[in-house]
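K.L.:
The lines below spell out each chain.
2 protein chains.
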Amino acid sequence: MARSLFRSTSARAVAAFTIAWLIAATTPAAAQDPLPSWNNGASKQAITAFVGRVTRAGTPDFVPVAQRIATFDNDGTLWVEQPLYTQFEFAIDRVKLQAAAHPEWKNTEPFASLLDGNVGQALASGEESLLQVLAATHSGMTTEAYERIAREWLKTKRDARFKRPYSTLVYQPMLELLNYLRANGFKTFIVSGGGVEFMRAYAEEAYGIPPEQVIGSSGRLKYQLRGDVPELLKLPAVDVVNDKEGKVVSIQKVIGRRPIAAFGNSDGDLQMLEWTAAGKGARLALLVHHDDETREWAYDRGSKIGGLDKALDVATAKKWVVVSMKNDWNAILPKQ
Amino acid sequence: MARSLFRSTSARAVAAFTIAWLIAATTPAAAQDPLPSWNNGASKQAITAFVGRVTRAGTPDFVPVAQRIATFDNDGTLWVEQPLYTQFEFAIDRVKLQAAAHPEWKNTEPFASLLDGNVGQALASGEESLLQVLAATHSGMTTEAYERIAREWLKTKRDARFKRPYSTLVYQPMLELLNYLRANGFKTFIVSGGGVEFMRAYAEEAYGIPPEQVIGSSGRLKYQLRGDVPELLKLPAVDVVNDKEGKVVSIQKVIGRRPIAAFGNSDGDLQMLEWTAAGKGARLALLVHHDDETREWAYDRGSKIGGLDKALDVATAKKWVVVSMKNDWNAILPKQ
Numbered sequence: 001m002a003r004s005l006f007r008s009t010s011a012r013a014v015a016a017f018t019i020a021w022l023i024a025a026t027t028p029a030a031a032q033d034p035l036p037s038w039n040n041g042a043s044k045q046a047i048t049a050f051v052g053r054v055t056r057a058g059t060p061d062f063v064p065v066a067q068r069i070a071t072f073d074n075d076g077t078l079w080v081e082q083p084l085y086t087q088f089e090f091a092i093d094r095v096k097l098q099a100a101a102h103p104e105w106k107n108t109e110p111f112a113s114l115l116d117g118n119v120g121q122a123l124a125s126g127e128e129s130l131l132q133v134l135a136a137t138h139s140g141m142t143t144e145a146y147e148r149i150a151r152e153w154l155k156t157k158r159d160a161r162f163k164r165p166y167s168t169l170v171y172q173p174m175l176e177l178l179n180y181l182r183a184n185g186f187k188t189f190i191v192s193g194g195g196v197e198f199m200r201a202y203a204e205e206a207y208g209i210p211p212e213q214v215i216g217s218s219g220r221l222k223y224q225l226r227g228d229v230p231e232l233l234k235l236p237a238v239d240v241v242n243d244k245e246g247k248v249v250s251i252q253k254v255i256g257r258r259p260i261a262a263f264g265n266s267d268g269d270l271q272m273l274e275w276t277a278a279g280k281g282a283r284l285a286l287l288v289h290h291d292d293e294t295r296e297w298a299y300d301r302g303s304k305i306g307g308l309d310k311a312l313d314v315a316t317a318k319k320w321v322v323v324s325m326k327n328d329w330n331a332i333l334p335k336q
Numbered sequence: 001m002a003r004s005l006f007r008s009t010s011a012r013a014v015a016a017f018t019i020a021w022l023i024a025a026t027t028p029a030a031a032q033d034p035l036p037s038w039n040n041g042a043s044k045q046a047i048t049a050f051v052g053r054v055t056r057a058g059t060p061d062f063v064p065v066a067q068r069i070a071t072f073d074n075d076g077t078l079w080v081e082q083p084l085y086t087q088f089e090f091a092i093d094r095v096k097l098q099a100a101a102h103p104e105w106k107n108t109e110p111f112a113s114l115l116d117g118n119v120g121q122a123l124a125s126g127e128e129s130l131l132q133v134l135a136a137t138h139s140g141m142t143t144e145a146y147e148r149i150a151r152e153w154l155k156t157k158r159d160a161r162f163k164r165p166y167s168t169l170v171y172q173p174m175l176e177l178l179n180y181l182r183a184n185g186f187k188t189f190i191v192s193g194g195g196v197e198f199m200r201a202y203a204e205e206a207y208g209i210p211p212e213q214v215i216g217s218s219g220r221l222k223y224q225l226r227g228d229v230p231e232l233l234k235l236p237a238v239d240v241v242n243d244k245e246g247k248v249v250s251i252q253k254v255i256g257r258r259p260i261a262a263f264g265n266s267d268g269d270l271q272m273l274e275w276t277a278a279g280k281g282a283r284l285a286l287l288v289h290h291d292d293e294t295r296e297w298a299y300d301r302g303s304k305i306g307g308l309d310k311a312l313d314v315a316t317a318k319k320w321v322v323v324s325m326k327n328d329w330n331a332i333l334p335k336q
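Protein sequences appear in the order of chains U and F.
1 is the number of the first residue of the first sequence in our numbering; add one for each residue after it.
1 is the number of the first residue of the second sequence in our numbering; add one for each residue after it.
Treat the hints loosely; a few may be bogus.
Note that identical chains are pooled: a pair holds if it fits in a single copy or bridges any two copies.
Derived DSBU-like pairs: lysine-lysine, alpha-carbon spacing no greater than 35 Å straight-line [claimed, not checked]:
hint	residue 1	residue 2
1	K96	K280
2	K187	K222
3	K280	K222
4	K44	K106
5	K106	K326
6	K155	K280
7	K310	K106
8	K163	K335
9	K335	K222
10	K222	K318
11	K163	K310
12	K280	K326
13	K157	K280
14	K304	K106
15	K335	K96
16	K310	K222
17	K157	K96
18	K319	K106
19	K222	K319
Read the hints as simulated data drawn from the structure, not as lab findings.
Next comes chain U alone, as it looks inside the complex (with noise of 0.2 Å):
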């Protein structure tokens, strides 16, 4: 068909060029960094390399887009999770407003801990205590109401360090990253101990994650009609503990495909890492190592929140890509 519309060789050299042209305003420059905030060392090139071997055709390590699945932990690994999770400041706010509905808090733990400010006393007891606090400030209302008052607060509380909306709290090189990966064919999903509804009222936004690629830990919830309305009631029990071997049956049963890269930052992230990087073919296990105090937090081993007395370990022992905040990351958080 080409030959018969273009008579003449000149015709036919500017359609070439044409279409040569239509090609390249279309495709981001080769040229262009699509990690500036990384910079330049092993754990650039081990991204980057990944991603070359998976998306060239006709090789053997070659991955059809569809099966490009890459699981993100979320607090620590994509924004800051210290001193406390956002999820839990968020938490804490929701019981000092809900307790003149609930006086029997004064005398109760861990609501009377929180509510004299003794986040500590608080959470001495444990997980358990922190489940009981979500359960009961994450219930009583349905899921639309509840996603438009995490939506609010995360928007317009701001933390204490950065002086900054919490939504906003988000890495940088991660972003990058994120970006980088869809552009090569990449679905991008996370997979967080937080809670999935509370992660949605901020991830399309911040991250560009849809909310059918949020996958986290969640509470009971109650279909029911209000006279002709139906609604869904969010109830205070939890039903998905989305962490450490949850993790990995949460990617079956909600993906139902082994993830080819996998990100996370703590031991909660271990099973994901370890389910991913046993996959055949060519396959990325990164771990991000908080190690700069100065522009961050620097924890690790016997940390409370994002502990990693294991898969630091794990990570060194099985070659996994092991990122230095300080020496990998030339910025922290987005401009504002």
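Given the coordinates of chain U, work out where chain F should sit on it, guided by the hints.
P.N.:
Relative to the frame of chain U, chain F by itself:
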């Protein structure tokens, strides 16, 4: 830039023509009917009118691409469910294959009846029996081993009436509808009572729906290391029953967004249709009515499989689209 590239008027004309030709070559012809197996009539018109409304930018009913979520029941909506759910046919074959390893089944219902070829008797005790058989036959192996077995069976086992592999007992008009919606920016999900891993074993090939867009019932999974190799083991315990209210709960848990279009065929889909239709703006709720015993099956009220005791009345009252397979479809199964 274009001006400097194309020096003569004729070269500019050729360039413009090339661009127009490239655009035309990559755009589906508007004149071609995307739903050729749908007869012209109210059902087809309701579908195309709805798609027209939500995709017309700048109008009040316009829905951004990211929010164009469509959910489909599977059994009886996308493929044949009579005279017995396909997954149950699969389970019966598994019972026969596993019988030697389970001598106790000879004296235990519902297994004894199934081994005697008496399916009706086996099912007489209701849903509990069915779940028991599914749990027993869909466990004791890794998720990967199960996927291989299900995939092979679906490709090779033929049904008694149509003499075709089960994976091809899909409705041609619904395949066209799935493609039509996707061509208009919809993300298509299965939300079915069927086992999620059973459906995933053929959904991508048959429907073009990837595993992460298949939501179904599921059993418990266990993550473990066999030596150094991680695996997911299927346990003989039901986790999620994705039917009725459960479908709406799963939609919120997995997709996190209310669909704007939903498709079902039985009372098990009523709540999903209700939830979808109650959203603000243009919504499409559609029920496939099996009224063609010549080409497929005819059943509704009182049917044990695909029973329509409530949903047909609600659909009529709420003016949802009710598809008559006999009158609205000029083809049932794809050509082989």
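K.L.:
Now tell me if each hint is right for this structure.
P.N.:
So, going through the hints one by one against the coordinates:
1. When the C-alpha separation of K96 and K280 is checked against a cutoff of 35 Å, the pair qualifies only between copies, where the shortest distance is 33 Å, while the shortest distance within a copy is 50 Å.
2. When the C-alpha separation of K187 and K222 is checked against a cutoff of 35 Å, the pair qualifies both within a copy, at 30 Å, and between copies, at 25 Å.
3. Within a single copy, K280 and K222 get their C-alpha atoms only as close as 40 Å, which misses the 35 Å cut-off; across copies the closest is 21 Å, which meets it.
4. Taking CA atoms no more than 35 Å apart as the test, K44 paired with K106 passes in neither setting, with 51 Å inside one copy and 61 Å between copies.
5. Taking identical chains as interchangeable, the C-alpha atoms of K106 and K326 are never at most 35 Å apart, the minima being 43 Å within one chain and 66 Å between chains.
6. Taking CA atoms no more than 35 Å apart as the test, K155 paired with K280 passes between copies only; the shortest distance there is 25 Å, against 41 Å inside one copy.
7. Taking identical chains as interchangeable, the C-alpha atoms of K310 and K106 are never at most 35 Å apart, the minima being 39 Å within one chain and 49 Å between chains.
8. Only within a single protomer do K163 and K335 lie at most 35 Å apart by alpha-carbon distance; the minimum there is 13 Å, versus 63 Å between protomers.
9. Taking the closest pair of Cα atoms, K335 and K222 never come within 35 Å of each other, the shortest separation being 41 Å inside a single copy and 43 Å across copies.
10. Taking identical chains as interchangeable, the C-alpha atoms of K222 and K318 lie at most 35 Å apart only when they sit on different chains, with a minimum of 23 Å there against 44 Å within one chain.
11. In this assembly of identical chains, the alpha carbons of K163 and K310 lie at most 35 Å apart only when taken from the same copy (33 Å versus 55 Å across copies).
12. Taking the closest pair of Cα atoms, K280 and K326 come within 35 Å of each other only inside a single copy of the chain (32 Å); across copies the shortest separation is 48 Å, beyond that limit.
13. For a Cα distance limit of 35 Å, the shortest separation of K157 from K280 across copies, 29 Å, qualifies, whereas the shortest one inside one copy, 44 Å, does not.
14. For the homomeric pair K304 and K106, the shortest alpha-carbon distance inside one copy (26 Å) is at most 35 Å, but the shortest distance between copies (54 Å) is not.
15. In this homomeric assembly, K335 and K96 come within 35 Å of each other (Cα to Cα) only inside a single copy, at 32 Å, whereas the closest approach across copies is 64 Å.
16. Within a single copy, K310 and K222 get their C-alpha atoms only as close as 38 Å, which misses the 35 Å cut-off; across copies the closest is 21 Å, which meets it.
17. In the homo-oligomer, the alpha carbons of K157 and K96 lie at most 35 Å apart inside one protomer (14 Å), although the nearest pairing across protomers, at 61 Å, exceeds that limit.
18. In this assembly of identical chains, K319 and K106 lie within 35 Å of each other by CA distance neither inside one copy nor across copies; the values are 50 Å within and 52 Å between.
19. Within a single copy, K222 and K319 get their C-alpha atoms only as close as 45 Å, which misses the 35 Å cut-off; across copies the closest is 26 Å, which meets it.
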